[in-house]
Amino acid sequence: SQTIHQWPATLVQPVGSPLSLECTVEGTSNPNLYWYRQAAGRGLQLLFYSVGIGQISSEVPQNLSASRPQDRQFILSSKKLLLSDSGFYLCACRGEYNSPLHFGNGTRLTVT
Amino acid sequence: GQQVMQIPQYQHVQEGEDFTTYCNSSTTLSNIQWYKQRPGGHPVFLIQLVKSGEVKKQKRLTFQFGEAKKNSSLHITATQTTDVGTYFCAGQNAGNMLTFGGGTRLMVKP
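Line order of the protein sequences matches chains A and B.
The numbering used here puts the last residue of the first sequence at 112; the count rises by one with no breaks.
The numbering used here puts the last residue of the second sequence at 222; the count rises by one with no breaks.
Treat the hints as calculated values from the structure; they're not laboratory data.
Warning: the hint list may mix true and false statements.
[What the hints assert, rightly or not] Result set (SDA-like, lysine to any residue): computed pairs, CA atoms no more than 20 Å apart in a straight line:
1. 148(B) - 87(A)
2. 163(B) - 99(A)
3. 168(B) - 50(A)
4. 148(B) - 22(A)
5. 148(B) - 98(A)
6. 148(B) - 132(B)
7. 182(B) - 99(A)
8. 148(B) - 41(A)
[What the hints assert, rightly or not] Non-contacting residues of chain A with respect to chain B, defined by C-beta distances greater than 12 Å in every case (computed):
9. 29
10. 68
11. 70
Backbone N, C-alpha and C fix where the C-beta goes; we use that ideal spot for every residue, glycine too.
Please model the entire structure based on the sequences and the hints provided.
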């Protein structure tokens, strides 16, 4: 079965600082990978998804970027964080077509 | 683009009462998935419905997929405090994109 490693669990960063969140997947090859953001008490906003190495699709314009340097590694980055970037960031993985999403434990980011 | 609406947004129930959340898609779906997110946790997959009119049960949870494959519901019988959390539906279209509803946050008073 798939295992998603996501770190750190919590992060407090000042406005204007850079960000790098990493997600790695075990137990599957060539997965579809996703980054979601969830504001407190709100729903899941899809930020980026990737169907393969180097292939990134962005769902909403924002202060963030994503990269997939290896098949099972997905990175979320920002050069300069904004207060509005605070939230719960979730990495998710999907194997075969029609299969469900498996989520990592998430990173709670607070930008101060 | 595809939109998935979920109601209600919040629901308070007394322990032992029933609970239902409804999900409606703007387009016909190839399947619908349900997830549960406990407070402070991450969404966890519960079930997937594929066939028109399909009904599936998991203990006290009953999931239905509409005949037109555009709506779905999750019903919990006799809620318990362990049912607390946010329930999300997610509709998949023919293009393999999964669109989440806004979620229903269930609170249970003991």
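Checked hints:
| no. | hint | verdict |
| --- | --- | --- |
| 1 | 148(B) - 87(A) | 19 Å, holds |
| 2 | 163(B) - 99(A) | 15 Å, holds |
| 3 | 168(B) - 50(A) | 31 Å, violated |
| 4 | 148(B) - 22(A) | 24 Å, violated |
| 5 | 148(B) - 98(A) | 18 Å, holds |
| 6 | 148(B) - 132(B) | 14 Å, holds |
| 7 | 182(B) - 99(A) | 19 Å, holds |
| 8 | 148(B) - 41(A) | 14 Å, holds |
| 9 | 29 | 18 Å, holds |
| 10 | 68 | 18 Å, holds |
| 11 | 70 | 22 Å, holds |
Comparing the model with each earlier hint shows violations of hints 3, 4; every other hint is respected.
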